[in-house]
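There are 2 protein chains.
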Amino acid sequence: MNEQRTAPNEVSRIACIGAGVIGGGWVAHFLARGYRVTAWDPAADAESRLERLVDAAWPALRELGLSDEAARENLTVAPTLEQAVANAQFVQESAPEQLEVKRDLLARIDAATPAGVVISSSTSGYEMTDMQRDCADPSRLVVGHPFNPPYLIPLVEVVGGTSTAAWATRWAAEFFEITGKSVITMDREVPGFVANRLQEALWREALHMVDNGEATVEQIDTAITEGPGLRWPLFGPCMTFHLAGGEGGMAHMLDQFGPSLKSPWTRLDAPELTGELRDAMVRGCEEEAAGRSITELVGDRDRAIISVLRAVGEARKGTE
Amino acid sequence: MNEQRTAPNEVSRIACIGAGVIGGGWVAHFLARGYRVTAWDPAADAESRLERLVDAAWPALRELGLSDEAARENLTVAPTLEQAVANAQFVQESAPEQLEVKRDLLARIDAATPAGVVISSSTSGYEMTDMQRDCADPSRLVVGHPFNPPYLIPLVEVVGGTSTAAWATRWAAEFFEITGKSVITMDREVPGFVANRLQEALWREALHMVDNGEATVEQIDTAITEGPGLRWPLFGPCMTFHLAGGEGGMAHMLDQFGPSLKSPWTRLDAPELTGELRDAMVRGCEEEAAGRSITELVGDRDRAIISVLRAVGEARKGTE
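Taken in order, these protein sequences are the chains called G and U. Read in my numbering, the first sequence has 202 at position 210, and its numbers run on one by one without any break. Read in my numbering, the second sequence has 274 at position 282, and its numbers run on one by one without any break.
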C-alpha cells in the first residue's frame, strides 16, 4: 500500500481535464458533491465554456439536492495542465475521442500528477491498454466512462488496461460510488464496454432502418419512448424478458421464444442458445429477482411504469 | 365505403381471442377504456386466467384513471370463438407465436366476424402477408403489435399485408389512438417491425456478452437502468444523440463520432454513413425538435431524467 495514497472517502481536491460537454458535466457533478475542482482545457474560452456548462447543470443539481459543502466557487480554472493536476487527489480526463490525443495527454497528466493518485479517462470506447502506453506509471490509469449528462446519469464503467494495478481499479470504483455513482467494474477490456455496446447495437439497427426507408427518425424515437424505453429505467433487458415469460420467467421465455433468435428481426446474428447460455441467463435473472416472485416483479414494474409515464408527461407539459 | 362499417369512435364491442399475458393485457386495456369485451381461449381455465390477469392489472389502471364507463363486469368469456366474434366491432387476436396457429385461427376468425370489421393480430414479428393467406377476406386483416404490458405501454405498431386494404390500416390506427395508444403506422412489412428490431439488436448483443463472459446478466441490466435507460423515456436514440452533439446537434455528432461506426463496439455492422443518410438523420432530428434549441432540449431532458430518477427511486423504495 502506497503511503501517499489518499483513501477514496478522504478526497477533497479533483482535477478535471477537458471542458467539453462531458468534462463540464463531470465538473458540475463534483462541485455538486462538495469537491474542490481545478479544471484545464487548451481552448482560450475554457473558463466561459465551463461556466455556461455549470450554469446549465446547476438548477437540476440543486433540484436533486446539493451536498452541504457544494459551491460553484469551488471551481478554479488553471492556466496549465500541470498546475491543474499539481495538488489533485483524483484526475478525470475528458479530452476529444482521438487515440493519439488521449495517449499524449494521459502521459502529460501522469508526469505532472502526484504519485499514488488515480487518473481516470472518460473515453467512450478506447481500451486503456492502448491509451496508457506512453505513461511513466501506467499502473494508476483506469477508464471511468460516464454517460451524458455525467451530473445526472449514475452509470460509470470502470476497467483497467493490462498495465493497470488491481488496487487502482478498486480505488476508482470505490471513489465513484462515494460520489454517488452506480459503478460497473469490468474484469476485462471489451471495445465499447457494456452500455455502449448495447446502445450501439440498437443505434446501428436504427441507422439501417432509416438508410433502407423502413422507418423514419421520428418513428424510431417513438418506438422507444412509447415502448420499451418506458420499461428500461426500472428493469433492464434481461429482467424485462424474465417478466415477459409469464410465471415461467426467463426459462420459459427462452424455451418459447428461442426460435425468434433465428428470425431476421435485426441485422445482428444471435449466438447459439446453448444449454449453458440458457442457464446463465436464467440464473442471472433469479439472482437479480432476489426472491421476488414474477407476480411481485410485475407489480414493481407496473408501479414504476406509471410513475415514469407521469414523470415524462409532466416534463412534456412543462415544455409546451 | 362499406355501409356496415362502424366508425372507430363508435365502437363499443370488442372481441379478444387468446387469454395469455398479451391477450389478457388487451382485455384489461379495453375494459379500462369502457368497452364491452368478449374473450375466448381454447384453454379450459381461460376464464379464471383472464380474471387473474385483469385482477393484476386493475390497480394500475385505476391509478392511471379509468374511463367513466369502465367496469370489470363488461367482460364476457364466450364458449366458442364463433360466439366471441359474432357481434364484435373490432377483433384483437393474441394467440401463441406460431405461424400455422395464427394462420388457421385468423381464417376462422375471418369466417365468423361480421363483414367490414377489422381484425388485428398481436404478432411480435410475423408478416401479415404470411398470416392472412387462408382468409376469405384478407383485406381487413392488420397487424396491431402491442408491448408488454399492453394496458400500460402506449406503443402499437400497425402494418398491413399485401392483401390488406388501405382503409383497414387507417381504421385500425385511428381506433387504437382513440383507445389511448401511441401508434406507428408502417407503410411496408419489415420482420420485427420497428421497436422489436431495435430491442432485438440490443438483446442479441447482450446474449453475446453473457455467452463470452464479457458481462454478467446483472451488469447488462445495470448498464441500461443506470445509464441510457434513464434517457429513453423522453427522447429516443436519435434525439438523445442530437443532444450528445452539443450545440451542433446531430450533424456535429455524426461528423465527429461517425468513425466510431467502424469500431467493434457491437457485433452489428453499421451501414455506410453516406451524405444522404447523414442528412436524413439531421433532418429527422430537426423535425422532432420542432424549433426547440439544443439548450432548451437539454433543459427538457434534464427535467425528465430527474423526474424519472425520482419515480424509479420511489418505485424501488416501495418494494423494500
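In short, the hints are calculated from the structure, not lab data. Heads up, a few of these hints could be off.
The list treats identical chains as interchangeable, and a pair is accepted whether it falls inside one copy or across any two copies.
With a straight-line Cα cutoff of 20 Å, these simulated EDC-like cross-link-like pairs (lysine to aspartate or glutamate) come out [to be verified]: (1) Lys254 - Glu89; (2) Lys309 - Asp271; (3) Lys173 - Glu288; (4) Lys309 - Asp47; (5) Lys173 - Asp126; (6) Lys254 - Asp179; (7) Lys173 - Asp60; (8) Lys309 - Glu264; (9) Lys254 - Glu181; (10) Lys309 - Asp129; (11) Lys254 - Glu288; (12) Lys309 - Glu288; (13) Lys173 - Glu306; (14) Lys254 - Asp96; (15) Lys254 - Asp47; (16) Lys173 - Asp203.
Status of the hints after comparison with the structure:
Within a single copy, Lys254 and Glu89 get their C-alpha atoms only as close as 36 Å, which misses the 20 Å cut-off; across copies the closest is 14 Å, which meets it. Taking the shortest alpha-carbon separations for Lys309 and Asp271, neither the intra-copy value of 45 Å nor the inter-copy value of 30 Å comes in at or below 20 Å. For a Cα distance limit of 20 Å, the shortest separation of Lys173 from Glu288 qualifies neither inside one copy, at 27 Å, nor across copies, at 26 Å. Taking the closest pair of Cα atoms, Lys309 and Asp47 never come within 20 Å of each other, the shortest separation being 23 Å inside a single copy and 31 Å across copies.
Proximity of Lys173 to Asp126 under the C-alpha cut-off of 20 Å is found in neither arrangement, the shortest distances being 29 Å within a copy and 56 Å between copies. Taking the closest pair of Cα atoms, Lys254 and Asp179 never come within 20 Å of each other, the shortest separation being 30 Å inside a single copy and 24 Å across copies. For the identical chains of this complex, Lys173 and Asp60 are intra-copy neighbours only, at 18 Å inside a copy versus 45 Å across copies, given an alpha-carbon limit of 20 Å. Proximity of Lys309 to Glu264 under the C-alpha cut-off of 20 Å is found in neither arrangement, the shortest distances being 46 Å within a copy and 38 Å between copies.
Taking CA atoms no more than 20 Å apart as the test, Lys254 paired with Glu181 passes between copies only; the shortest distance there is 18 Å, against 29 Å inside one copy. Within a single copy, Lys309 and Asp129 get their C-alpha atoms no closer than 52 Å, and across copies no closer than 44 Å, so neither meets the 20 Å cut-off. Neither within a single protomer nor between protomers do Lys254 and Glu288 lie at most 20 Å apart by alpha-carbon distance, with minima of 32 Å and 43 Å respectively. For the identical chains of this complex, Lys309 and Glu288 are inter-copy neighbours only, at 14 Å across copies versus 32 Å inside a copy, given an alpha-carbon limit of 20 Å.
Taking the shortest alpha-carbon separations for Lys173 and Glu306, only the inter-copy value of 18 Å comes in at or below 20 Å, while the best intra-copy value is 26 Å. Taking the closest pair of Cα atoms, Lys254 and Asp96 never come within 20 Å of each other, the shortest separation being 45 Å inside a single copy and 23 Å across copies. Taking the shortest Cα distances, Lys254 and Asp47 never come within 20 Å of each other, neither inside one copy (49 Å) nor across copies (35 Å). Taking identical chains as interchangeable, the C-alpha atoms of Lys173 and Asp203 are never at most 20 Å apart, the minima being 37 Å within one chain and 27 Å between chains.
The structure is inconsistent with the numbered hints 2, 3, 4, 5, 6, 8, 10, 11, 14, 15 and 16, although it conforms to all the rest.
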